Amino acid sequence: MIDLDAAMLIGTLLFLLGLTGLLVRRNLVFTLMSVEIMLNAAGFAFVVAGAHWNAVEGQIMYLLLIAVAAVEAAVGLTIVLSLDRRMETIDGDSVNRLQG
Amino acid sequence: MSFHLLPLVPLLPLAGFLWLALGAGRLTRRSAARIGVSSVAIAALLVIAIGTRFLVEPPDAGAHVQTLGAWLRVAGFQADFAFRLDPLSLVLSFVVTFVGFWIHLYSAFYMAEDEAIARFFAYMNLFVAAMLILVLADDLLLLYLGWEGVGLCSYLLIGFWYRDPANGYAARKAFVMTRVGDTAFLIGLLLLFSQLGSTRITELMERATAMWASEPTLASVAALLLLAGAVGKSAQLPLQTWLPDAMAGPTPVSALIHAATMVTAGVYLIARTHVLFELAPAVQNLVAVIGALTLLLAGFSAVVQTDIKRILAYSTMSQIGYMFLALGVGAWSAAIFHLFTHAFFKALLFLSAGVVIVALHHEQNIFRMGDLRRRLPAAFWSFLVGAAALAALPLVTAGFYSKDLILWQAYAAENGSLWFWLAGWVGAFVTALYIFRLFFIAFTGEPKTPIRRTPEWTALAPLWALGILSLVAGFVEMPATLGGVTLFRALLEPVLPLPDVHAPLTVEAMFQLLSMAASLAGIALAWLLYRHRPVMAPTSGGITEYWREGWGFDLAYERLVVHPTVCTAHWARHDLFERPYDRLAGLARSLHRGLATTQNGRVRWYAGGIAAGSAVAFALVLLA
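Just so you know, the protein sequences line up as chains A and B, in that order.
The number in my numbering is simply the position in the first sequence, starting from 1, with 232 added.
The number in my numbering is simply the position in the second sequence, starting from 1, with 15 added.
It is worth saying that the hints were derived from the structure and are not from the lab.
Here the structure is a predicted model, which means the values were calculated and not measured.
Warning: the hint list may mix true and false statements.
[Stated by the list, open to error] Just a sample of chain A residues kept apart from chain B, beta carbon distances all over 12 Å, derived: (1) Leu245; (2) Leu246; (3) Glu289; (4) Ile292; (5) Leu313; (6) Ser314.
[Said to hold, decoys possible] Example chain B residues on the side facing chain A (calculated, C-beta under 8 Å, incomplete): (7) Gly616; (8) Arg617; (9) Val618; (10) Arg619; (11) Ala622; (12) Ala626.
Here a beta-carbon is modelled for each residue, glycine too, at the ideal position from N, C-alpha and C.
Next up, chain A with everything else stripped away, as it sits in the complex:
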């Protein structure tokens, strides 16, 4: 049996790690990676909880999460690429103007 408390602690730590990355990094590639880590932390929590209560929903949620993460990565990387081409920067703070 998995120790639920320990697993949840790991999930929380993983999530906080991702959040910290999101808040401190300006490079958009790292921002995307941080979001992936946060998503996976949530997925980890689902799987562990599913195993603990012998429920299959945890794994189903994880599949959904992977799909969302894949889409997010695809769209996000496309935006990053086109930003790099048009504005020659991938600094998240310097592309906050809507016009131009």
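For this one, chain A is given, so just place chain B on it according to the hints.
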């Protein structure tokens, strides 16, 4: 032509308005003018066709009522979209559509260079539709709809060139001043409805006769309220000050709305509800007094003006004063007869003045015109015809017959008096003086401004048509001393009773000679004073200054009404009750400013905010 086509008469200009208003950006100037002119032209033809049928074989009851459907139906009260064709509304709708058509045609010339010509014709068509609803309405509430509709169009068209703030001010002034009267009219309408239980004009008049014959107080109040509405709309004392400023609009607008049709709506209203005024003799006498005073005051103001359109505006006021005088002495059909002829010659005067104004590149000062006989012959001759009709040049002009009828009945009718006649007689002299002063100063003498644009056929045709009518329209009604043609009064007699006139023919002939003398003396004095040695600069100082400023009414209203109202409004803006709301607004504003700073466009700050927010939410769930 079937009477059932009657509703088409107001609906056609309305359709023209909708077409022009919805297609404003997509229509060329030429097609906008075509739509605007032809919708009124078809309506005019329709009125002529229906009117011919009406004259040849009148409907059984003497009037044809066509109901389109119910407008309002609430708890036993019903107001219909019902149109009534009787001799009175026939005369009025003929004037509106026929004169309206010529003025629309003229507008195609006058407004040809204006970029907003589609908007202009849309407003003009809407005006004609509203005016027709006003005159054809069988229900007082529907009449009120038309009444407000023409007021709206008057406002829109006075302020048509809205880029000049002065025009917008003139438009607002006209709207607010007439609104004072309109409010009284609405109160009167509601009083009539609450006391008599109907808004149908015919029913109202029957019930008023039945119920108020012995109790004149309510009838007086109702008549007084309707009179206030008429006074506002027709620019009579004391609500007259808006009309001279209304000349800020394009000249065809002045001709159509502020001379021929809308300003005479008050005369129509009183004639339409004359039964009520007969029940209240004191109020009816007041109508005559207002008319007599207005015709004199406006006449004297017109003598000293320098702006060609302002002279004509004061002249309109003065001529409507004659109509009110006639209404007041019970000469109902004489008032409508003067309305009929006045529509032709005053529209003619405005249109020929418009030709001059356009030709001299929007010069309106009569002292800067001069020598137009050779340079603008069309305007010269048509203005001369119009001026002769306005001055009531004996025998040959329409104005003579209508004004003479009013003057005679002002004395000879049952309610008439020598004073009313004297006021009208002095007014006739002043009228001839001011219009020929204008004519001699502006149209003869040395040229002062070069000609820039000569009129085209769209301007000349209306001048011809209205010029001929200004001469011959009077022959439908001639005094007993001159053959005694009574076509006009016979037509209107089923609707408007004739006053009792018991006076020998010799007395009538004497009075006619006196009024002819007044008119000729006015023209002669104008010739002596202004023909050979035109006064270059208008004299200033003394009483003429008062006359020029319209007897100081504007100043008095400014001091007595506008200024106190504005001061009160300023004071009330920061009074005790306002303060809590001011605070509330201040609080909302500072909160807004605080929150707005968080919207700084940095995604990482937003993420941090979301994270902090969810942490707080979790903490609340876990710890609470």
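Results of checking the hints against the structure:
Separation of leucine 245 of chain A from chain B is adequate, the least Cβ-Cβ distance of about 15 Å exceeding the 12 Å criterion. Listed as a non-interface residue, leucine 246 of chain A keeps its Cβ farther than 12 Å from every Cβ of chain B; the least gap is roughly 15 Å. Listed as outside the interface, glutamate 289 of chain A is consistent with that label: its C-beta sits roughly 22 Å from the nearest C-beta of chain B, beyond the 12 Å cut-off. The claim that isoleucine 292 of chain A is not at the interface with chain B holds, since no C-beta of that chain comes within 12 Å of its own (minimum 24 Å).
With a cut of 12 Å on Cβ distances, leucine 313 of chain A stays outside the contact zone with chain B, its closest approach being about 18 Å. Every CB of chain B is more than 12 Å from the CB of serine 314 of chain A (nearest about 17 Å), matching its label as outside the interface. For glycine 616 of chain B, the suggested interface contact is upheld, since its CB lies about 4 Å from the closest CB of chain A, less than 8 Å. For arginine 617 of chain B, the interface hint holds, since its Cβ comes within 8 Å of a Cβ in chain A; the closest pair sits about 6 Å apart.
The beta carbon of valine 618 of chain B is positioned within 8 Å of a beta carbon in chain A (closest approach about 6 Å), and the interface hint is therefore held. For arginine 619 of chain B, the interface hint holds, since its Cβ comes within 8 Å of a Cβ in chain A; the closest pair sits about 6 Å apart. Below 8 Å, beta-carbon pairs count as interface contacts, and alanine 622 of chain B has one with chain A at about 5 Å; its hint therefore holds. Using the Cβ-Cβ criterion of 8 Å, the hint placing alanine 626 of chain B at the interface with chain A is satisfied: the shortest such distance is roughly 6 Å.
In the structure shown, no violation is registered for any of the earlier numbered hints.
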